[in-house]
Structures are given as structure tokens and as C-alpha cells.
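Chemist: Single-letter residue listing:
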Amino acid sequence: MKRLSTPLVFAFLLASCLRPSATLPARIQEDPSIVFPPFFAQPAVLLGAEGTVYELDGDTLRALFVATEDLLPPQDKPLPCGSRRESQRYRVLRQGDLFFIRIDEDPKACGRTQPALDSGASYAIHRDGRILRRVMDGEADVTIPGADAGVNSTPGEPGASSADSLSDGPSPFLPPAWQDAGSPEPVPTR
Amino acid sequence: MPGFGPFDTFSDALIAACPLILSKPHATAGRPGTQDFELRWRISKEYCAWLYYTPAGKYEMSMLTDQSAQDDLDRRRSCLLPATVDDARFPPGSLKYVFALHNHPYAGRLSDGDLRMITSMGRTHEWVVQVRGKKVPLSVVAFFSNSNDLEHPSCDGFFQYIPVTGELKKWTGDASSGWRQELLGTVTWQDEEHYRIDEK
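Quick mapping for you: the protein sequence lines, in order, are chains A and B. Quick note: the first sequence uses UniProt numbering, first residue 1, plus one each step. Quick note: the second sequence uses UniProt numbering, first residue 1, plus one each step.
Careful, some of the hints might be misleading.
What the hints assert, rightly or not - Using C-beta positions, here's what the derived DEER-type ranges look like:
#1 Gln190/B <-> Thr60/A: 18 to 28 Å
#2 Gln190/B <-> Lys108/A: 42 to 52 Å
#3 Asp128/A <-> Asp8/B: 54 to 64 Å
#4 Pro92/B <-> Asp180/A: 21 to 31 Å
#5 Arg27/A <-> Leu73/B: 33 to 43 Å
#6 Gly133/B <-> Thr154/A: 42 to 52 Å
#7 Arg27/A <-> Pro92/B: 21 to 31 Å
#8 Asp180/A <-> Ser177/B: 51 to 61 Å
#9 Arg62/A <-> Phe90/B: 30 to 40 Å
The hints are simulated quantities; they were obtained by calculation from the structure and are not laboratory data. The structure presented is a predicted model; accordingly, all values stated were derived computationally and were not measured. A virtual CB, placed ideally from N, CA and C, is assigned to each residue, including glycine.
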């Protein structure tokens, strides 16, 4: 099982740096021993600030290219907003010869406030361009330990929270700003 | 949704919603490893709906949608759940949103996208609603089937994330054997983009 050390994370919009519609099929050699990192556990370096020069190496660009070509439909025809390259957000974490890539639909790019359910995907791309792992949102990740073990299960009322988990105070699992007693955010119009 | 409920308890409503959603066309992709799993995944669909509490004191389910913001050739299978339910029997703003329901065509855990979606909804609605003097927290649920029978898949359980308690759960069972829960971990959010999952 491959382990990650200190990661370097980039997040950026990949708007127009890739040519449309590649014709090469993705090379896939599934390696189930590869474990995806927690893509959202730490802040990412955001690329795209105006007036700043960024440099991207070719291996990273190719890895992004391979992942987007595999995930998204050909871009040379009219597409729903959520399937366009420029409507995604990309996180890249390099570990040796592996690029871990997380692609999520960006609801703001499509004029929405809320993301769709299961609108992301994770890829592990080798430096040579091979796809070593890919997991769509909602697809079972066979590498998660104990995913189907069920050994620690207890009886309960379906859908209920744990009896002692609903306290009267603010939740320690959510930012305080989300739990202010003021009015909720306005419901977006559709 | 016509023909569904209404129900006195959210548990009854959830147990009724599970087979209903999984029985929709292509709601399950069967088991991976089968010869045509890739094709099954390609044609699979996600359906989603709100389970909400009405001023009449009942739990109801909104109309199911399979709308997605993606093209059919996109490899992802997602579902775009409207932020609100339009139920003409009740005044706007009187409904209490409790469960965001959907199916996972292949029994995957709740995804990063699912977690982000429900916390976004929590900032629009309420994290916890009061129902008959009891607290019911907002959560997202993904039903799954372990069956390879695509026409009549069994409801084998659901994954659930409750933002206000941080709980990630897996529920399995049925009416005859009873339902059991397993705590898979907890989720702690730092801000809109970042969160930590502590596996159990």
C-alpha cells in the first residue's frame, strides 16, 4: 500500500490551457493498492491570481489532460454546463511518480449555489500518463478498510442520530459562522 | 410524491423510500467485476428527492428527479437536487427539510460531493428541526443494493451523513431482521472548502 508524505497541493481552474478533444484512448492499469489522499483536509495553493506568473510542468499538465479526457465527454460539441472543462475545479497532489487528481463540478460556474450530489471524481495518474486508479463519486472504493465489515454495528432506528450526539450548544463539527442564530442564507432561485 | 406516504416517522419514510428509489430504471449497476459492469455503470442513473416534514405533522417525499448538470457521456453519475420543494398544499417556507435522498448505483460511500452538497443545504435551511418536541437533524442519505438483479434490486441499506453531529454512518438490515448502524467516522469542517474525516 502506497503511503503519502507531506503533500504539495495545487488547486486551480483549468479553463483554456488544454486543446479540445484528444483522440488517444486513456491507458488504464488499475492498481487497487493505491490509496487516495484526503484532497480537502488542507488549504490548497490557488492558481490563477491576476498579474502573477505561474509555471506548470509538462508531467502535471499531461496528468490533468489524461484525467479530464477520461472523465469528461469530447469538448468539441455543445455540452451541458456541468460537463465543460471550464466548469470544473481541479486539485492536484503529486507524490513521486504519481499525480492524485480530484475533479469536482463547480456549481458557481454554472450559475448555481449548491453542488450536485456525486459530481466529482478522483484519479491517480502515473507520470507516464497511465491511469492507475479512478473512482467516481458514489462508486465503491474497494481500498477503504472495513468498508463492508459491519462488525461494529449496533441496532438503531433507521436514520436517527446517536442519542447523545445532539447537544443544545453549537456543533463542534461545523464552523461557528455557519451556526449563527441569524437568518439562513437566501434560497437561490432556480 | 403521489402514492408515497405520508408517514408519521422519518424511519418509516426512509424504509419506504429505499426500495422505491432503487426500483427506478438503472438505479443500480450491480456488482463490479461482472463482465458488463462498465456498460452498467455507463447507463446507470442517480435519482434524488427531499424527505420533508409538513405543517400537517407528516413526513413526505418530493417528486424524484434524475436531472443532472452533466452530459450522458460524462463518466460521473450525479443528481441535481433543487434547494426547495414546491408543495402547493402548504405555504412557502413552512416545510422542514430533513433528508436529502439519493441512490448510489454501486454501493459506494457518501462522496466528497455529497458532503459538500448537504452542508451547503444546511446553510440555506436548518441544521436541526424540531418535530413534536424532538430534534431531527438534516442529513444526506444514499441508498444502495448489493443485488445483481437489476430489475428487482433489494434494498440492502444506506449511507448517511449528519453534519451537525459529524456522523458518517452505514445502515444495513430490513424489516424482518431489524436495522443496524455502523459509525464509519466523523467529519469536521474548517470552512467551506476544507474538512477532515476521522475514520473509526
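Chemist: Now tell me, hint by hint, if it's right for this structure.
Modeler: How the hints compare with the structure:
Between Gln190/B and Thr60/A the beta carbons are some 26 Å apart, a value that agrees with the proposed interval 18 to 28 Å. At about 20 Å, the CB distance of Gln190/B to Lys108/A disagrees with the hint of 42 to 52 Å. For Asp128/A and Asp8/B, the Cβ-Cβ distance of about 59 Å falls inside the hinted range of 54 to 64 Å, so the restraint holds. Between Pro92/B and Asp180/A the C-beta distance comes to about 23 Å, which sits within the given range of 21 to 31 Å.
The hinted window of 33 to 43 Å between Arg27/A and Leu73/B is violated, with their beta carbons roughly 19 Å apart. For the pair Gly133/B and Thr154/A, the beta carbons lie near 25 Å from each other, so the given range of 42 to 52 Å is not met. The hint said 21 to 31 Å for the Cβ distance between Arg27/A and Pro92/B, and at roughly 53 Å that hint is violated. Separation of Asp180/A from Ser177/B is about 43 Å and departs from the stated range, judged on CB atoms against 51 to 61 Å.
Checked against the hint of 30 to 40 Å, the pair Arg62/A and Phe90/B fails, with Cβ atoms roughly 54 Å apart.
Consistency note: the structure conflicts with the earlier hints numbered 2, 5, 6, 7, 8, 9.
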